[in-house]
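Sequence lines, in order, name chains A and B. Our numbering puts the first residue of the first sequence at 1, with every later residue one more than the last. Our numbering puts the first residue of the second sequence at 1, with every later residue one more than the last.
The set of hints was computed from the structure by calculation and includes no laboratory data. It is possible that part of the hints are untrue.
[Stated by the list, open to error] Calculated pairs, BS3-like style, for lysine-lysine (alpha carbon to alpha carbon, straight line, at most 27 Å): (1) Lys-502(B) - Lys-50(A); (2) Lys-50(A) - Lys-75(A); (3) Lys-75(A) - Lys-237(B).
[To be verified] If you only want the chain B side, here are some residues facing chain A, beta carbon under 10 Å, derived: (4) Ser-231; (5) Pro-232; (6) Met-504; (7) Gly-572; (8) Val-580; (9) Arg-583.
C-beta: ideal position from N, C-alpha, C; glycine also.
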Amino acid sequence: MSIDADGIVRQITEIVAAELGVTVDSLVPDTDLRGIEGADSVRLLRVVAKVEQTWDVELEDDEVFGVSSIADLAKVVTAALQVQAA
Amino acid sequence: MRGLTLPGALDEAAAAHPDAAVTFPSSAERVRLADLATATIDLAHGLIADGVGFGERVGVYSRNNADFLVAVIGASRAGAVACPMPMPTSAADLAGYASRLHAITSAASIRRVLVGAGVDGIVRRLGPILPDLDFLGVTTLTKAGSARAGLPTVTPADVAIVQFTSGSTAVPKGVVLTHRNVVHGTAAIVDGIELGRPGDHGATWLPLYHDMGLFGTLAAVLIGTPMTVWSPSTFIKNPAGWLRAFAAMGCTVAPSPNFGYDALLTAVGPDELADLDLRRWRIAFNGAEPVNPVTVDRFAARFGPAGFAPETMFPVYGMAEATLAVTFPQLGRRPTTTWVDRERLARDGLALPAGAGAPGARGLVGLGRPVRGMRLRIVDEQGRELPDGTVGEIEIAGDAVTAGYLTAGADPRTLTAPASAPASLAAVAVAEPAPGLAPGLSPAPGLGSASDLVVASDLTSATVPVQPTAGRPAASTSDDWLATGDLGFRVGDELYISGRRKEMIIIRGVNYYPEDAEALVRDAPGIHRRRCVAVADTDDAGVETLTVIAETTLEQAADRIGLATGLRTAIGAALGLAEVSVRLVAPDVLPRTSSGKFRRVEARDLARSQP
Numbered sequence: 001m002s003i004d005a006d007g008i009v010r011q012i013t014e015i016v017a018a019e020l021g022v023t024v025d026s027l028v029p030d031t032d033l034r035g036i037e038g039a040d041s042v043r044l045l046r047v048v049a050k051v052e053q054t055w056d057v058e059l060e061d062d063e064v065f066g067v068s069s070i071a072d073l074a075k076v077v078t079a080a081l082q083v084q085a086a
Numbered sequence: 001m002r003g004l005t006l007p008g009a010l011d012e013a014a015a016a017h018p019d020a021a022v023t024f025p026s027s028a029e030r031v032r033l034a035d036l037a038t039a040t041i042d043l044a045h046g047l048i049a050d051g052v053g054f055g056e057r058v059g060v061y062s063r064n065n066a067d068f069l070v071a072v073i074g075a076s077r078a079g080a081v082a083c084p085m086p087m088p089t090s091a092a093d094l095a096g097y098a099s100r101l102h103a104i105t106s107a108a109s110i111r112r113v114l115v116g117a118g119v120d121g122i123v124r125r126l127g128p129i130l131p132d133l134d135f136l137g138v139t140t141l142t143k144a145g146s147a148r149a150g151l152p153t154v155t156p157a158d159v160a161i162v163q164f165t166s167g168s169t170a171v172p173k174g175v176v177l178t179h180r181n182v183v184h185g186t187a188a189i190v191d192g193i194e195l196g197r198p199g200d201h202g203a204t205w206l207p208l209y210h211d212m213g214l215f216g217t218l219a220a221v222l223i224g225t226p227m228t229v230w231s232p233s234t235f236i237k238n239p240a241g242w243l244r245a246f247a248a249m250g251c252t253v254a255p256s257p258n259f260g261y262d263a264l265l266t267a268v269g270p271d272e273l274a275d276l277d278l279r280r281w282r283i284a285f286n287g288a289e290p291v292n293p294v295t296v297d298r299f300a301a302r303f304g305p306a307g308f309a310p311e312t313m314f315p316v317y318g319m320a321e322a323t324l325a326v327t328f329p330q331l332g333r334r335p336t337t338t339w340v341d342r343e344r345l346a347r348d349g350l351a352l353p354a355g356a357g358a359p360g361a362r363g364l365v366g367l368g369r370p371v372r373g374m375r376l377r378i379v380d381e382q383g384r385e386l387p388d389g390t391v392g393e394i395e396i397a398g399d400a401v402t403a404g405y406l407t408a409g410a411d412p413r414t415l416t417a418p419a420s421a422p423a424s425l426a427a428v429a430v431a432e433p434a435p436g437l438a439p440g441l442s443p444a445p446g447l448g449s450a451s452d453l454v455v456a457s458d459l460t461s462a463t464v465p466v467q468p469t470a471g472r473p474a475a476s477t478s479d480d481w482l483a484t485g486d487l488g489f490r491v492g493d494e495l496y497i498s499g500r501r502k503e504m505i506i507i508r509g510v511n512y513y514p515e516d517a518e519a520l521v522r523d524a525p526g527i528h529r530r531r532c533v534a535v536a537d538t539d540d541a542g543v544e545t546l547t548v549i550a551e552t553t554l555e556q557a558a559d560r561i562g563l564a565t566g567l568r569t570a571i572g573a574a575l576g577l578a579e580v581s582v583r584l585v586a587p588d589v590l591p592r593t594s595s596g597k598f599r600r601v602e603a604r605d606l607a608r609s610q611p
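For reference, chain A alone in the conformation it holds in the complex:
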């Protein structure tokens, strides 16, 4: 299974925008999610939950800890998909 990295970033951007109530245009892969007004740990966990549902992966808390941007999250998802594909 090939993994579409750009597609993952795009989809995560949409999830983040929906969960945090901001526009897709206001986000870039390096946006620090913790800097978005209202982005508390609870909302960020919901982002993680949506990401898990979307790709049917389970992300360990250990992996998510320290993730602060869409690009970071995309990396974690990509790694999880690679594990799944292996």
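Guided by the hints, dock chain B onto chain A, whose structure is given.
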């Protein structure tokens, strides 16, 4: 009669209900009380073999799984003091998180940290940043505990747990709780809701390192009532799924801060109640942060059709300092909201009735009356008791109330001293107004009767202090009262909380201090002469917020947006707090006193007037 120490109470529960179990769905564990008791004995032996000292403070670093309970009770059985340490949240910043842990471990002089299953990755990353800590696996130590050296005798006056929930990041304060505190505190919870009725089954998704998670769980475990503990992320990621699992297991009691009930309202729509049966749910504790009357009403309306009874919602007042419970409603009473004139409440400290939902009215949810063994009074700044309907500071006393706090700079020698010896009291600063010994930690005989005298004085004249009895340190018995920092008033038997004396906000059960935010952003480029003030405020909906007001010479809109975002990011990353607004003002706008100190109250008004 239950055991008078934490491990003693567990042993009694395990003997009476060996097959009662604590279930951890998130880690697929189910532990019988008999096996839990054995595991804590093995861990205690392992700790002794490792050289742990009596009264030594030991960190507990574990997710919501069986290892957490084994570590807390096992450490206390070894004569050590269990200090639960916070787990990281998602998107936490490693350096900021590690410095928070460091502040705690240095305040408590912690060297040994008991590590539960499933946190190896984080511990590997923390290890190099916190080189003074000795991380010991709970499983490893439990297996090493076969040597069977003798276990020390632990008494009710010894310290069992130091609960770090109070204090700012810079100066964390650990609430010192003795075995007596823990036994009385959990018994008061049991008494207040008649926990242990046939069919009762406790549940929680709150972190076990949080006071409401820990003591709520212990309350059930120590009387042999089945308990199910989920991981917090299970609830947060999928509140609806959690509710269905909770109902399917037939759980009857669950606590949550108010935000959890909001999350359930968002997650489960009115058309999604089919095959959800909440008829067995009899207590929904709502505490650890301000209770919102709107949430309470909406929750009953939404989930009533699924069998949620109005009296199940149970708004309570508590804190780690009280080993959790301070006031509960009378069992079976429906939530009650009183409406008062917001302006008079804020300005004059008077609760004057106002129309429900009227403009200028503030709705406050009644939190009940003191739980068994808890005494409560509301006093003015001179310590005089206030009449009904008048706002003052809430003070508490009782066997479940802490003798004081462990603060940074504690004498490390106290690590090896028995907790009941006078030497260790040097590390305990009793809460305001004056230092003294409270019954829980005192090695001196006769102080128990002193607290009885306080009760008697309450009945006769609250303003006449009881003279110290012979041999007692020269201090008034008012020292037995712990000032909570919370402001409130009583109407009859009902307590209402109206605000807080401390500059602090509570969001999702976590305390945040404005001074921490100030320290973080004061030196940011773009801020004029380090001039910034952070103020805690409550908006019209009763939601607590933190507003940072900073002076800047920046004039370009893009620069100002960049600065505001940067400040918010810095605070969010370091404190884990998102409810932060940033207001930028021109140089010299922040009101200051003649000596250059900021006027916080006026600054708050300034924040309110800004768009």
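Going down the list of hints, with the structure as the test:
1. Restraint check for Lys-502(B) and Lys-50(A): the C-alpha separation of about 38 Å exceeds 27 Å, so the hint is violated.
2. Restraint check for Lys-50(A) and Lys-75(A): satisfied, since their Cα atoms lie roughly 16 Å apart, inside the 27 Å limit.
3. Restraint check for Lys-75(A) and Lys-237(B): satisfied, since their Cα atoms lie roughly 20 Å apart, inside the 27 Å limit.
4. For Ser-231(B), the interface hint holds, the least distance from its beta-carbon to any beta-carbon of chain A being 8 Å, beneath 10 Å.
5. Taken as an interface hint, Pro-232(B) checks out: its beta carbon lies about 8 Å from the nearest beta carbon of chain A, inside 10 Å.
6. Hint status for Met-504(B): violated, given a least beta-carbon distance of 17 Å to chain A, over 10 Å.
7. The beta carbon of Gly-572(B) comes within 4 Å of a beta carbon in chain A, closer than 10 Å, and the hint placing it at the interface holds.
8. Against a cut-off of 10 Å between C-beta atoms, the interface hint on Val-580(B) holds, since the closest Cβ of chain A lies about 8 Å away.
9. For Arg-583(B), the interface hint is violated, since its Cβ never comes within 10 Å of a Cβ in chain A; the closest pair sits about 13 Å apart.
Checked against the numbered hints listed earlier, the structure breaks hints 1, 6 and 9; every other hint is satisfied.
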